[in-house]
Amino acid sequence: MKEFLNESGVFFAVLGAALAALVPGIASAKGVSKGGITAAGIITEDPSLFAKALILQLLPGTQGIYGLIIAFITFAQIGVLGGSSDISLVKGLLYLAACMPMTIVGYASAIRQANAAIASMGVLAKRPDQFGKSMIFPAMVETYAILALLISILAVSGISGINI
Amino acid sequence: MLNQKQVLYSDSDRFINAVARIRFKEMTLLGKSDIEQLMNCKSETECLKYLTDKGWGKDGDRTAEQILASEREKTWELLKELVKDISYFHTFLVANDYHNLKAAIKQVYKGYEIPNIYISNGTIDSGIIIRAVKEHDFSLLPEDMRDVAEEAYQLQLHTGDSQLCDIVLDKAALAKMYSLGKSTGNELIAHYAELKVAAADINIAIRSAKTGKDEAFLKRALCECDSLDINRLIQSTLEGIDSIYNYLLTTDYADAVPALMESSQAFERWFDNRIIEYIKPQKYNPFTFSPLAAYLLARENEIKTVRILLSGKRNDISDDIIRERLREMYV
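As they're listed, the protein sequences go chains Z and G.
FYI, the numbering for the first sequence is 1 to 164, going by the numbering used here.
FYI, the numbering for the second sequence is 1 to 331, going by the numbering used here.
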């Protein structure tokens, strides 16, 4: 039994990494899609706004990348990409917990950032000269995705040093 | 529990592409400065030149009515392009069906063709309505329209009382528009329907008080809505105009009383301005169906304002009087 529990540690660690890649990735795909639909409306009326609309569209795409980074670091730490993957159950659960900030905040922030980006596209349509200002509003949402990314990186990197 | 259509109306992502395009169209709406420029024009011809320079009308349009009709047509073409399913706008179109029904009944009663009395934009093809009346076969019409069509038809043909026929159909149109508006679950459309019915009821009450109509007439003419107590309105109307004002002061329409005291045109302007004030926040809303509905109402308001202005210029009415009649603009 003890042996089984010790072996299941890697499962939870991989589960954490998978969720970190999956959940913010889904939200980013949804956010970029919404941004794209709105941007298409903008381009229909004024094709010269393509580059600016594209930047706004891509803003919610970063959460998916952050999730991918966390998944990579986790895989590297637990030895899935090479080396030993002998992880205790507690450590596996710790990795799972460490991935959660990016998983949850990544999802929520991507959806909300997409909404802010769509609102900013309305500004872009009416006042293209105010693009810089309009971009700041959705960019502010990024702060929380970055904070979650940092916490998840620190946590995932720190767990290997704990002797459990 | 929301029905399928209500879900679509309030789906925040469903109309984002259309709203993005509407943002551009909003920039072409006439603003206060355009109205000022039009006011500064010396004649209707000068106004029409200003409007055509702004892109109003179509090639070959010469008169004000042609230009305004083209603008309305353009609005519907755009909305049909943006929202493939035009039934989203049925709340705004259903009154046209009843107008066409009224026109068809009158035409059959008179016994000869009357040109240009039908409106093309309705929820039912005007040809079907004309056929239904001519053949006296109201089964061609939607179920909820059949009984009222029969009632109006019989009233017109047997009593010859056009006013009674109009009242029956006007009330039915309001009731249908009201139920459609409320059933959308969209706050803006529901509020528009509420205001529209309330304004119509207030108008009827004031006119009835002036002409001394009886209770039976009022019951037949007034349409139920949430913001007015119809029984109290009837009672007030029977007591006189001041009693109507006193009742309205206790409702959401207290600020309409000064306008009502001024004139029926002032009340109409108050109503239009209230709608515009209500829909203005939609200029900053990128989600749901509401910005599209707001654009339609803004365009209707714009066309109405230009019509008032052009008519004033055409009839050499003083600028001060024209200004009093102009509506608030959306942009």
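Calculated from the structure, these hints are not laboratory results.
Using N, Cα and C, we set each Cβ at its ideal position, and we do this for glycine too.
Don't take every hint at face value.
To be verified - Stretches of chain Z that chain G covers, calculated by requiring three or more beta carbons in the stretch to come under 8 Å of a beta carbon on chain G:
#1 32–38
#2 61–69
#3 116–124
Unchecked claim - Within a straight-line C-alpha distance of at most 20 Å, the following computed EDC-like cross-link-like pairs (lysine to aspartate or glutamate) qualify:
#4 G/54 - Z/46
#5 G/25 - Z/7
#6 G/25 - Z/86
#7 Z/30 - G/11
#8 G/74 - Z/129
#9 G/80 - Z/45
#10 G/54 - G/85
#11 G/283 - Z/142
#12 Z/30 - G/13
#13 G/54 - Z/45
#14 G/283 - Z/46
Unchecked claim - Pairwise CB distance ranges (calculated):
#15 G/32 - Z/133: 55 to 63 Å
#16 Z/126 - G/83: 18 to 26 Å
#17 G/42 - Z/136: 55 to 63 Å
#18 Z/43 - G/83: 30 to 38 Å
#19 G/36 - Z/147: 49 to 57 Å
#20 Z/126 - G/49: 22 to 30 Å
#21 G/72 - Z/127: 24 to 32 Å
Now for the hints, and whether the structure bears them out:
Only when three residues or more bring their CB closer than 8 Å to a CB of chain G does the claim for the region 32–38 of chain Z stand; here the count is 3, and the claim holds. With 0 residues having a beta carbon nearer than 8 Å to a beta carbon of chain G, the region 61–69 of chain Z misses the requirement of three or more and the stated coverage is violated. For a cut-off of 8 Å, the count of residues in the region 116–124 of chain Z with a CB near a CB of chain G stands at 4, and the three-residue condition holds. For the hint linking residue 54 of chain G to residue 46 of chain Z, the alpha-carbon distance of about 18 Å falls within 20 Å, and the restraint holds.
For the proposed pair residue 25 of chain G and residue 7 of chain Z, the alpha carbon gap of about 63 Å is over 20 Å, so the pair is violated. Between residue 25 of chain G and residue 86 of chain Z the CA atoms are separated by roughly 62 Å; this puts the pair beyond 20 Å, and the hint is violated. Between residue 30 of chain Z and residue 11 of chain G the CA atoms are separated by roughly 15 Å; this keeps the pair inside 20 Å, and the hint holds. Among the hinted pairs, residue 74 of chain G with residue 129 of chain Z is inconsistent with the structure: their alpha-carbon atoms are about 29 Å apart, more than 20 Å.
The hinted pair formed by residue 80 of chain G and residue 45 of chain Z meets the criterion: a straight-line CA distance of about 16 Å does not exceed 20 Å. Of the pairs offered as hints, the one joining residue 54 of chain G and residue 85 of chain G is violated, with about 29 Å between alpha carbons and a cut-off of 20 Å exceeded. For the hint pairing residue 283 of chain G with residue 142 of chain Z, the CA-to-CA distance comes to about 26 Å; that exceeds 20 Å, so the pair is violated. Between the alpha carbons of residue 30 of chain Z and residue 13 of chain G the distance comes to roughly 11 Å, so the proposed pair stays at or under 20 Å and holds.
A C-alpha spacing of about 17 Å is found between residue 54 of chain G and residue 45 of chain Z, which places the hinted pair at or below 20 Å, so the restraint holds. With a C-alpha separation of about 19 Å, the suggested pair residue 283 of chain G and residue 46 of chain Z falls inside the 20 Å cut-off, and the hint holds. Between residue 32 of chain G and residue 133 of chain Z the Cβ separation comes to about 25 Å, which falls outside the hinted range of 55 to 63 Å. Between residue 126 of chain Z and residue 83 of chain G the beta carbon distance is about 21 Å. The supplied range of 18 to 26 Å therefore holds.
Take residue 42 of chain G and residue 136 of chain Z: their Cβ atoms lie about 47 Å apart, and the range 55 to 63 Å is violated. For residue 43 of chain Z and residue 83 of chain G, the Cβ-Cβ distance of about 19 Å falls outside the hinted range of 30 to 38 Å, so the restraint is violated. Distance hint check: the CB atoms of residue 36 of chain G and residue 147 of chain Z are about 51 Å apart, consistent with the given range 49 to 57 Å. About 27 Å separates the C-beta atoms of residue 126 of chain Z and residue 49 of chain G, a value consistent with the hinted range of 22 to 30 Å.
Taking 24 to 32 Å as the suggested C-beta distance range, the pair residue 72 of chain G and residue 127 of chain Z conforms, at roughly 29 Å.
Hints 2, 5, 6, 8, 10, 11, 15, 17 and 18 from the list above are not met by this structure, while the remaining hints are.
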